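Engineer: The lines below spell out each chain.
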Amino acid sequence: MLEIKNLCAKIEGREILRGIDLSIQAGEVHAIMGPNGSGKSTLSQVLAGRDIYELSGSVLFNGKDLLALSPEDRAAAGVFLAFQYPIEIPGVGNLYFLRTAYNAIRKRKGLEEMDAIDFLALAKERMKLVEMDPSFMSRSVNEGFSGGEKKRNEVFQMAILEPTFAIMDETDSGLDIDALKIVANGVNALRGKGRAILLITHYQRLLDYIVPDHVHVLANGKIVRSGDKALALELEKTGYAEFEKRGERPLRSV
Amino acid sequence: MIHETPSGVSSPLFTEEIANLEHKLDSRYPAWLNTLRHTAFASLLERGFPTVKDEDWRYTRVASILATPFKPAKSSMDHLFSCDAIDKLAGDFGGIRLVFVNGHFMPTLSSSGQFKEGIQIESLATILSQGQHEATLSRLFNHFSNAFTALNLALTEDGAFIFIPPNTIIEEPIAVVFLSDASITPFVSNPRSVIIAGAGSRATVIEVYTGILDNLYFTNAVTDILLEEGAKIDHYKVQNETHKAFHIALLNLHQERGSQFSSHLTALGATIGRHEVRVSLNAEGAETNLNGLYLAESGQYLDNPVLVLHHAPRCTSRQLYKGVIDGDGRGGFYGRIVVAQDAMKTDAVQANKVLLLSDLAQADTRPRLEIFADDVKCAHGATVGQLDDASLFYLRSRGIPLDNARSLLTYAFVSEMLSLVRVKPLQAYLTELTLSRFAGRALERSDAI
Numbered sequence: 578m579l580e581i582k583n584l585c586a587k588i589e590g591r592e593i594l595r596g597i598d599l600s601i602q603a604g605e606v607h608a609i610m611g612p613n614g615s616g617k618s619t620l621s622q623v624l625a626g627r628d629i630y631e632l633s634g635s636v637l638f639n640g641k642d643l644l645a646l647s648p649e650d651r652a653a654a655g656v657f658l659a660f661q662y663p664i665e666i667p668g669v670g671n672l673y674f675l676r677t678a679y680n681a682i683r684k685r686k687g688l689e690e691m692d693a694i695d696f697l698a699l700a701k702e703r704m705k706l707v708e709m710d711p712s713f714m715s716r717s718v719n720e721g722f723s724g725g726e727k728k729r730n731e732v733f734q735m736a737i738l739e740p741t742f743a744i745m746d747e748t749d750s751g752l753d754i755d756a757l758k759i760v761a762n763g764v765n766a767l768r769g770k771g772r773a774i775l776l777i778t779h780y781q782r783l784l785d786y787i788v789p790d791h792v793h794v795l796a797n798g799k800i801v802r803s804g805d806k807a808l809a810l811e812l813e814k815t816g817y818a819e820f821e822k823r824g825e826r827p828l829r830s831v
Numbered sequence: 002m003i004h005e006t007p008s009g010v011s012s013p014l015f016t017e018e019i020a021n022l023e024h025k026l027d028s029r030y031p032a033w034l035n036t037l038r039h040t041a042f043a044s045l046l047e048r049g050f051p052t053v054k055d056e057d058w059r060y061t062r063v064a065s066i067l068a069t070p071f072k073p074a075k076s077s078m079d080h081l082f083s084c085d086a087i088d089k090l091a092g093d094f095g096g097i098r099l100v101f102v103n104g105h106f107m108p109t110l111s112s113s114g115q116f117k118e119g120i121q122i123e124s125l126a127t128i129l130s131q132g133q134h135e136a137t138l139s140r141l142f143n144h145f146s147n148a149f150t151a152l153n154l155a156l157t158e159d160g161a162f163i164f165i166p167p168n169t170i171i172e173e174p175i176a177v178v179f180l181s182d183a184s185i186t187p188f189v190s191n192p193r194s195v196i197i198a199g200a201g202s203r204a205t206v207i208e209v210y211t212g213i214l215d216n217l218y219f220t221n222a223v224t225d226i227l228l229e230e231g232a233k234i235d236h237y238k239v240q241n242e243t244h245k246a247f248h249i250a251l252l253n254l255h256q257e258r259g260s261q262f263s264s265h266l267t268a269l270g271a272t273i274g275r276h277e278v279r280v281s282l283n284a285e286g287a288e289t290n291l292n293g294l295y296l297a298e299s300g301q302y303l304d305n306p307v308l309v310l311h312h313a314p315r316c317t318s319r320q321l322y323k324g325v326i327d328g329d330g331r332g333g334f335y336g337r338i339v340v341a342q343d344a345m346k347t348d349a350v351q352a353n354k355v356l357l358l359s360d361l362a363q364a365d366t367r368p369r370l371e372i373f374a375d376d377v378k379c380a381h382g383a384t385v386g387q388l389d390d391a392s393l394f395y396l397r398s399r400g401i402p403l404d405n406a407r408s409l410l411t412y413a414f415v416s417e418m419l420s421l422v423r424v425k426p427l428q429a430y431l432t433e434l435t436l437s438r439f440a441g442r443a444l445e446r447s448d449a450i
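So the protein sequences, as listed, match chains A and B.
In short: position in the first sequence from 1, add 577, done, that's my numbering.
In short: position in the second sequence from 1, add 1, done, that's my numbering.
Okay, chain A solo, but in the shape it has when bound:
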């Protein structure tokens, strides 16, 4: 589904990603772990189409050149990014925002737009997945939401838009254990045959609740090690320091 080859990203002359190679198949859950500043968030932003980076390398998404697409075209093609820091948009109602997004994607696919009443029914149903209070629908997008509420709102949006490839950028950060479970349940419910998920996280904790098929360690802009879920547990003990030191020379196992 996703084929990343030698992906490099620079911003203001500074190299953040230094040759990422990663292959993700439909139905798989991959976790990318790494210390702060290793390039995790940059990778997620690049995949979703943030255009502030100077890029080289290639990313194929279902055979299409992903990097050539605008963010909205990527969304229509089935890419979704759950933001680490969801943006507050005062003045735009949450429900209105989501319906606009939902219908924009449907329109791109040549499908009929959904009216407000039907959409509300859909939203109410999907909201249950993340145990979200319906009152959040009438509020402005993320405005005045707590950290946990914002993250739930991201997973809720994912549940509505039903992407085929979802990137979760530190969705666990800032969540207490109850909120983490709710968010993880939401993500697990969306796991499925046709859908791939890329979890980006600093801590192993999230992976207790969303068990990945593959784990990769990102350090200094490169994937320095890949393994199965056991790798995450190993990292919990050893920490990232060793990888950061060796970051220049990637190690490959598996």
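I should point out that these hints are in silico values taken from the structure, not numbers from a laboratory.
The model shown is predicted, which means the values in this text are computed figures rather than measured ones.
Every residue, glycine too, gets a C-beta built ideally from N, C-alpha and C.
Don't take every hint at face value.
[To be verified] Listed below are several chain A residues computed to face chain B (Cβ distance under 7 Å; list not exhaustive): (1) Glu649; (2) Leu658; (3) Val669; (4) Ile682.
Model the placement of chain B on the given structure of chain A, informed by the hints.
Structural biologist: Relative to chain A, chain B alone:
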């Protein structure tokens, strides 16, 4: 250059009007007004029209107005507008409505003159010809420091007159519509309106200025408002002139003890549009809330000078002006707060926020505080910015195309101002106008707020 002439008398606008002035000083108007007209006219002759060197007029380039060969608006009854047409052109907000076409009162399009005991909602010309409210009117009209106000006073023929007797409440909004239909000949009209709110009275007044197609004309309007003790007036103004028109207006306000005033400007029209507000807080505990939304696109220059004079202790003033500037448009805000020595415990806040939608768009913003009292709370702030990249990316990452994302964020910026409009049909009308401005076809009105 015409506008550089100190006396300004070489302006075609001016010469046309001079020829007309003597004709106006006739018996239809009371003697005190004719005397005032002479004085205003003399003052104008002496000082001329403002130039860019005048601090108050730095952003309003009046040269193109002065260079246009306007004719005075003729009194003519052949404008066969129906009430439905007025609804379409100027909105239907329910309640009472006075309609003026090219500065002249249209009784057939206006609410009939019979109101509850003592309430007067009439054409000013009628009140003047009957010699009513002479003491108050002669006091209210006695200001012409600004050249266009002097021109208005010298030449005005009509406008709205609203008198709310003490302790009277008018629930339904009172709309005053100034419609300009210039067809071929550019004309100037000088509407003058007066609102007198008796002690403890309450009312809502909506002024709408609009025109037909892309007609060229000049509206030079003055509105005087007096709030007696404890009166409460909510005032709205919609400046939706044609994109070729000129609109210069002054809202001049006097507030007595404990009175509450709010004004809400929405400016979308005119090639040069200026809406000046002057508030005198004359007695203790008066409150004034001034909101403004100005949307300038290519070829438009919208200026908003605001002056709040805190003369008395414990008065509160709030100013919130938001601008959205697109294309090569330009928008200005010049907000002054003056706190006199005796005006202790003054609470004054002023904010100007501007969104620039293009590289050519320009915003001028000058907040200014002049404080002569010790014990006051005053704050001011101004921000000029562009649409936030991170927000645009967020919306696009959800599948919303760039143009729609821009419209949505622009609308979000102005929606705060729309939410402050308390007359629901007016709010709906303004939302419609605003959305259509922001290529709003991509947005739906129904639940955008």
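Engineer: Each hint should be assessed against the structure and marked as holding or not.
Structural biologist: Going down the list of hints, with the structure as the test:
1. With a cut of 7 Å, the hint placing Glu649 of chain A at the interface with chain B holds, because the nearest CB-to-CB distance is about 5 Å.
2. Interface restraint check: Leu658 of chain A against chain B, minimum CB-CB distance 5 Å, threshold 7 Å, status holds.
3. Given the 7 Å rule on beta carbons, the hint for Val669 of chain A holds: about 5 Å separates it from the nearest Cβ of chain B.
4. Contact between Ile682 of chain A and chain B, as hinted, is supported at the beta carbon level, the nearest pair being about 4 Å apart and thus within 7 Å.
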